[in-house]
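S.K.: Below, each chain spelled out in residue letters.
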Amino acid sequence: MTKNEKKLILLSCVFALVFGVTQSTYAMHIMEGYLPKLHCVAWGVLCLPFLAAGIIRINKIVERQRRTLLLLAMVGAYAFVLSALKLPSVTGSSSHPTGTGLGAVLFGPSVMSVLGIIVLLFQAVLLAHGGLTTLGANTFSMAVAGPFLSFGIYKLFRRLNVNKLVSVFIATALGDLFTYCITSIQLALAYPSEVGGVGASVVKFMAIFAVTQVPLAVIEGILSVIVMIGLEKYAAPELEELYY
Amino acid sequence: MEHTDFMSIDYNAYNSALNKTNSVLKTVFFISVLIYGIAVDSTRASLFIILSMAFITVYLGHIKPSCYLRAMSIPVLFIVLSITAVAVNFSRTETGLFTLTLGDLNIFVSKRGITKSIHIIIRAFGALSCMYALAFSTPMADIIDVMRKFRLPEVVIELMFLIYRFIFILLDTVETMTRAAVSRNGYSGIRTSFYSFGSIGKNLLLYSLKKADSAYNAIESRGGGIVFYSEDRSVKATEILFCVLYFAVMICLS
Numbered sequence: 001m002t003k004n005e006k007k008l009i010l011l012s013c014v015f016a017l018v019f020g021v022t023q024s025t026y027a028m029h030i031m032e033g034y035l036p037k038l039h040c041v042a043w044g045v046l047c048l049p050f051l052a053a054g055i056i057r058i059n060k061i062v063e064r065q066r067r068t069l070l071l072l073a074m075v076g077a078y079a080f081v082l083s084a085l086k087l088p089s090v091t092g093s094s095s096h097p098t099g100t101g102l103g104a105v106l107f108g109p110s111v112m113s114v115l116g117i118i119v120l121l122f123q124a125v126l127l128a129h130g131g132l133t134t135l136g137a138n139t140f141s142m143a144v145a146g147p148f149l150s151f152g153i154y155k156l157f158r159r160l161n162v163n164k165l166v167s168v169f170i171a172t173a174l175g176d177l178f179t180y181c182i183t184s185i186q187l188a189l190a191y192p193s194e195v196g197g198v199g200a201s202v203v204k205f206m207a208i209f210a211v212t213q214v215p216l217a218v219i220e221g222i223l224s225v226i227v228m229i230g231l232e233k234y235a236a237p238e239l240e241e242l243y244y
Numbered sequence: 245m246e247h248t249d250f251m252s253i254d255y256n257a258y259n260s261a262l263n264k265t266n267s268v269l270k271t272v273f274f275i276s277v278l279i280y281g282i283a284v285d286s287t288r289a290s291l292f293i294i295l296s297m298a299f300i301t302v303y304l305g306h307i308k309p310s311c312y313l314r315a316m317s318i319p320v321l322f323i324v325l326s327i328t329a330v331a332v333n334f335s336r337t338e339t340g341l342f343t344l345t346l347g348d349l350n351i352f353v354s355k356r357g358i359t360k361s362i363h364i365i366i367r368a369f370g371a372l373s374c375m376y377a378l379a380f381s382t383p384m385a386d387i388i389d390v391m392r393k394f395r396l397p398e399v400v401i402e403l404m405f406l407i408y409r410f411i412f413i414l415l416d417t418v419e420t421m422t423r424a425a426v427s428r429n430g431y432s433g434i435r436t437s438f439y440s441f442g443s444i445g446k447n448l449l450l451y452s453l454k455k456a457d458s459a460y461n462a463i464e465s466r467g468g469g470i471v472f473y474s475e476d477r478s479v480k481a482t483e484i485l486f487c488v489l490y491f492a493v494m495i496c497l498s
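Residue numbers (our numbering), protein chains in the order written: chain A, 1 to 244; chain B, 245 to 498.
Check before you lean on any hint, since a few could be wrong.
As the list claims (entries may be wrong) - Derived lysine-lysine pairs resembling DSSO-like cross-links, with alpha carbons at most 30 angstroms apart: (1) Lys454(B) to Lys164(A); (2) Lys355(B) to Lys60(A); (3) Lys155(A) to Lys233(A); (4) Lys37(A) to Lys164(A); (5) Lys233(A) to Lys455(B); (6) Lys454(B) to Lys37(A); (7) Lys60(A) to Lys454(B); (8) Lys480(B) to Lys264(B); (9) Lys355(B) to Lys37(A); (10) Lys233(A) to Lys360(B); (11) Lys60(A) to Lys164(A); (12) Lys355(B) to Lys308(B); (13) Lys308(B) to Lys480(B); (14) Lys233(A) to Lys164(A); (15) Lys60(A) to Lys455(B); (16) Lys155(A) to Lys355(B); (17) Lys455(B) to Lys164(A); (18) Lys355(B) to Lys264(B); (19) Lys393(B) to Lys37(A); (20) Lys480(B) to Lys393(B).
It should be emphasised that the hints constitute simulated quantities derived from the structure, not laboratory data.
Work out the full structure: start from the sequences and follow the hints.
M.R.: Rendered as structure tokens:
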């Protein structure tokens with residue numbers, strides 16, 4: 001064994017230990033204080049039009065049907081609880097990601113961005129996943145970019161007459177992957193690499209977070225499909241109501 | 245999923261000795277320290293914030309130190325992963341403090357990378373301890389009430405109040421469902437885990453839709469309209485003095 005091989009083995013052992021021991025898979029919530037000030041403000045401002053559109057839409061829906069406010073609140077609480085649920089025996093203590101993809105498919109993406117920012121705020125304050133100053137960046141990647149992509153892909157696939165469940169799987173899994181790409185870009189923009197700048201940095205962040213995020217995207221897709229099958233079987237009338 | 249485990253921050257906020265102080269003062273103070281810490285971006289100020297916020301939360305708020313430390317360890321995975329990406333560099337020509345050569349590619353950690361990483365970690369934990377000071381002293385309902393005073397759209401405030409309440413209803417239900425599934429070997433393997441988890445997810449959504457419906461009926465049968473009560477507590481002169489002194493020290497240090 002050469003010296004380099006030994007180093008390589010040691011390095012991989014360290015990585016295995018880190019991933020094996022630590023529990024949280026909320027790794028993609030950018031933590032409080034991680035982003036420089038300008039980035040916090042910029043990503044927050046970028047979210048505003050989407051949030052405004054969402055609030056206007058919710059106001060319209062609620063005016064027409066007051067009952068929907070409670071329904072939306074329940075869905076928000078549902079997303080929070082689901083994201084905190086543990087899925088044992090998959091990676092020791094893995095966890096379900098945000099579930100915003102399925103939400104976007106069911107309720108439309110702009111409504112989901114408003115629910116998303118509330119859920120992210122609750123996750124930051126109640127569970128310490130994410131943060132207050134990084135709320136803008138997290139909202140953009142998880143509650144704006146992901147849901148809008150999921151929604152777009154779902155609509156496109158349905159128009160192409162792809163099977164509904166296949167569409168749900170691809171839409172939610174890709175939405176999850178897109179969220180992870182956006183977060184990597186956000187981190188890379190904040191901390192460009194010493195050699196190679198932002199481009200090299202994006203590659204580094206994506207490579208490192210791929211370890212947790214790629215399996216999670218597949219899990220998200222599978223679980224969304226299972227939930228969707230159940231809903232179609234048992235709650236067809238409620239689903240009709242949700243489409244508005 | 246005990247209160248002391250899963251929702252421990254919320255539980256501690258209600259029991260904090262600082263729960264009785266005015267929530268607007270607390271929120272404005274902690275958030276402005278948080279923003280100041282990130283805006284000036286100085287390691288000395290951040291170190292001061294880490295220590296002083298630990299003092300405020302643990303000593304003034306009577307939060308158990310073990311509980312505080314456990315909360316501090318939550319973002320460790322994120323820090324480890326993202327700092328690795330910041331500190332480690334790849335290049336064909338350059339080398340750094342520690343270099344690993346694979347073929348003609350150098351994987352290295354430079355001195356600048358290390359300094360930068362330490363700087364980011366300290367700033368992040370400074371900001372984190374501000375957020376914890378707020379979360380460990382002010383229950384979510386009070387924070388939402390402060391946002392209402394700052395004139396956020398009413399529909400968002402209503403949604404937040406409702407979501408906060410519904411979270412606890414759903415958590416109870418999830419706990420029961422999970423226990424039922426576990427006691428029937430529902431989580432014994434990967435296949436069954438996925439099946440059980442998906443079923444719980446589906447049933448929970450159905451259950452929450454039903455609950456939302458009955459909550460609506462309950463509200464309507466009582467005349468409609470949702471009122472959220474809050475308690476206003478007066479601000480003491482000593483508290484304002486404390487905040488002013490705190491800022492004076494912090495500005496001097498940075």
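S.K.: Is the straight-line distance between the alpha-carbon of Lys355(B) and that of Lys60(A) 30 angstroms or less?
M.R.: violated (56 angstroms)
S.K.: Keeping to a limit of 30 angstroms between CA atoms, is the pair of Lys455(B) and Lys164(A) held or broken?
M.R.: With Cα atoms ~28 angstroms apart, Lys455(B) and Lys164(A) stay inside 30 angstroms; holds.
S.K.: For Lys393(B) and Lys37(A), compute the direct alpha-carbon distance and say whether it is at most 30 angstroms.
M.R.: holds (25 angstroms)
S.K.: Need the status of pair Lys454(B), Lys37(A): alpha-carbon distance at most 30 angstroms?
M.R.: violated (43 angstroms)
S.K.: Does the structure keep Lys233(A) and Lys455(B) at a Cα separation of 30 angstroms or less?
M.R.: holds (19 angstroms)
S.K.: Just to be careful, I want the Cα atoms of Lys454(B) and Lys164(A) compared with a cutoff of 30 angstroms; is the pair within it?
M.R.: holds (25 angstroms)
S.K.: For the pair we were handed, Lys233(A) and Lys164(A), check the Cα-Cα distance against 30 angstroms.
M.R.: Holds, at roughly 14 angstroms.
S.K.: Holds or violated: Lys480(B) with Lys393(B), Cα cutoff 30 angstroms?
M.R.: Satisfied, since the Cα-Cα distance of roughly 20 angstroms is no more than 30 angstroms.
S.K.: Between Lys233(A) and Lys360(B), does the CA-CA distance stay at or below 30 angstroms?
M.R.: violated (54 angstroms)
S.K.: Lys480(B) and Lys264(B): Cα distance at most 30 angstroms?
M.R.: holds (11 angstroms)
S.K.: Next pair to validate is Lys355(B) with Lys37(A); report whether the Cα-Cα distance is within 30 angstroms.
M.R.: Holds, because 24 angstroms separates the two Cα atoms, which is no more than 30 angstroms.
S.K.: Would the pair Lys155(A) and Lys233(A) pass a check requiring their Cα atoms to be no farther apart than 30 angstroms?
M.R.: holds (21 angstroms)
Violated hints, listed in ascending order, are 2, 4, 6, 10, 12, 16, 18; each of the other numbered hints is respected by the structure.
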